[in-house]
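Respectively, the protein sequence lines represent chains W and Y.
All residue numbers for the first sequence refer to my numbering, where the first residue is 5 and numbers rise by one.
All residue numbers for the second sequence refer to my numbering, where the first residue is 5 and numbers rise by one.
None of these hints come from the bench; they were simulated from the model.
Take these hints with a grain of salt, some might be off.
Copies of the same chain look alike in the list, so a pair counts if it works inside one copy or between any two.
Heads up, simulated EDC-like pairs for lysine to aspartate or glutamate below, C-alpha to C-alpha not over 20 Å straight-line [as the list claims (entries may be wrong)]:
no., residue 1, residue 2
1, Lys7, Glu85
2, Lys218, Glu99
3, Lys22, Asp12
4, Lys67, Asp113
5, Lys22, Glu238
6, Lys218, Glu168
7, Lys218, Glu135
8, Lys7, Glu238
9, Lys218, Asp144
Protein chains: 2
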Amino acid sequence: MNKLVGADLFFKCENFQKTGAFKARGAVNTVLQLSSNIESVVTHSSGNHGAALAWATGLREMKSYVVVPTDASSFKRRNMERYGATLIDCGQELESRVSVLQDFLAKHDATFIHPYDDARIIAGQGSATIELLESECNLDQIWVPVGGGGLASGAILAANGNVEVVCAEPELARDAYLSMQAGCRQPPLPPVTIADGLRSSLGELNFSILRAAKTTVALATEVSIKRAVRLVFEMMKVVIEPSAAVVVAAMLENPSLVANRVGTILSGGNVPCPQQFD
Amino acid sequence: MNKLVGADLFFKCENFQKTGAFKARGAVNTVLQLSSNIESVVTHSSGNHGAALAWATGLREMKSYVVVPTDASSFKRRNMERYGATLIDCGQELESRVSVLQDFLAKHDATFIHPYDDARIIAGQGSATIELLESECNLDQIWVPVGGGGLASGAILAANGNVEVVCAEPELARDAYLSMQAGCRQPPLPPVTIADGLRSSLGELNFSILRAAKTTVALATEVSIKRAVRLVFEMMKVVIEPSAAVVVAAMLENPSLVANRVGTILSGGNVPCPQQFD
Chain W
5 MNKLVGADLF FKCENFQKTG AFKARGAVNT VLQLSSNIES VVTHSSGNHG
55 AALAWATGLR EMKSYVVVPT DASSFKRRNM ERYGATLIDC GQELESRVSV
105 LQDFLAKHDA TFIHPYDDAR IIAGQGSATI ELLESECNLD QIWVPVGGGG
155 LASGAILAAN GNVEVVCAEP ELARDAYLSM QAGCRQPPLP PVTIADGLRS
205 SLGELNFSIL RAAKTTVALA TEVSIKRAVR LVFEMMKVVI EPSAAVVVAA
255 MLENPSLVAN RVGTILSGGN VPCPQQFD
Chain Y
5 MNKLVGADLF FKCENFQKTG AFKARGAVNT VLQLSSNIES VVTHSSGNHG
55 AALAWATGLR EMKSYVVVPT DASSFKRRNM ERYGATLIDC GQELESRVSV
105 LQDFLAKHDA TFIHPYDDAR IIAGQGSATI ELLESECNLD QIWVPVGGGG
155 LASGAILAAN GNVEVVCAEP ELARDAYLSM QAGCRQPPLP PVTIADGLRS
205 SLGELNFSIL RAAKTTVALA TEVSIKRAVR LVFEMMKVVI EPSAAVVVAA
255 MLENPSLVAN RVGTILSGGN VPCPQQFD
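Construct all of the structure, not just a fragment, from the sequences and the given hints.
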């Protein structure tokens, strides 16, 4: 991989994290700060934040509800249910998610936890970068995927200007890229990328952190994302989901942006084992 | 996984090893002991030993030839060639392999390195168990797959009677199981198990070490081997090949044989990424 990318790579394997993704960090950091009289929380998620929140609320014996698009991965649905979440279906588009969530909140006494536009979530996700920097790899750059921006903005705060943070985004979901160019948040593109965890639009707090750091956003095509899943599978023997492969794909597509000693956060590994092994 | 198996499991991930399998250990230990006037080595392999030998000989600028069954995995063939091996086709059965190898040795000045029935290979493979024991997991048992017996006999020597070594074998390739029952080496069964690295028959030196230790051999069915590949993929996000999954499968099928704190050697991960990610 070092030869292919032309850099010394150091991987932070958040696919090995509890619930299979970095999302466990922000969820537990948030849930542990909730008042003890809260009985239920609700969020929206394509899967990983939902599973993380279900796991974290389970530690405090709270209930969790997750608004999930009907086209979400069945593997991720099962993962959320395994950790105790109650799923509520919504449509694929942003409007449907918002209306289903508001409807739920109007009828239930539940606390909404935003999946990324929340300082507690951002702080939790930033702990992955803190650990990466503490590992003494002498990094001069860190690459993270950007969807809503929880992981990315947490990384920027954790790096604190000492190490550059580069964001990787699917070309088909390049609202962070367009937002950085325009200087203001741009609307999300249709949720069609294979990187299902990165379909959401950049959050407000998240954007302000990316913008203040003048963050570079590098794009990855769908073909290169799939190729990166394969490379990591075959060369590193590590299972990552397409949303995690976006960083490897973006590095391969943008070699001029890659520094010498690069930390790479592999954000999650929640994909089913293909039928070939059945 | 701990809950499923009913034990505290500690995995030695030899799929993360150079060349993607534990075989790198025995190969490098052997090649570094060869006289410097040797220019070429030859072996027979379904893939992992061949790739390991090619990698190890490359360190000393020697040439490597590998006799490979025509039905060997194309992924493993490419892996061997990537490390510089020259492949020589043979049929699937033992007789064909032996005759092709003898024919090659009659015509070429090359040193034969047996894939497992060799003290240098066994000592090298044993280093995986030494590292596992040095990791201070307070193990009371180690499970390893058994095919030719290089890894298994190395583990037994490394454990030195302090920790029990249990061997896991595909039911369809249970010549080690039958050999232990009979008290003498039994012929190999037809090479049909999905665990392609374990189709070979138990070596002579290897059998003598297993027998002296009164080693238990636990069997795994094909269905459970495939299920174990899936479990490790989905729960641990780690890519293992079926030959490695045999230990997990055998533990699940033989719970009464499993101790409390169990070291498990995941022997390799040389499988192609399925087309789902193409």
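Results for each hint:
no., hint, result
1, Lys7 to Glu85, "between (41 Å within a copy, 18 Å between copies)"
2, Lys218 to Glu99, "neither (30 Å within a copy, 67 Å between copies)"
3, Lys22 to Asp12, "between (27 Å within a copy, 17 Å between copies)"
4, Lys67 to Asp113, "within (11 Å within a copy, 72 Å between copies)"
5, Lys22 to Glu238, "between (23 Å within a copy, 13 Å between copies)"
6, Lys218 to Glu168, "within (10 Å within a copy, 58 Å between copies)"
7, Lys218 to Glu135, "neither (23 Å within a copy, 46 Å between copies)"
8, Lys7 to Glu238, "within (15 Å within a copy, 29 Å between copies)"
9, Lys218 to Asp144, "within (16 Å within a copy, 54 Å between copies)"
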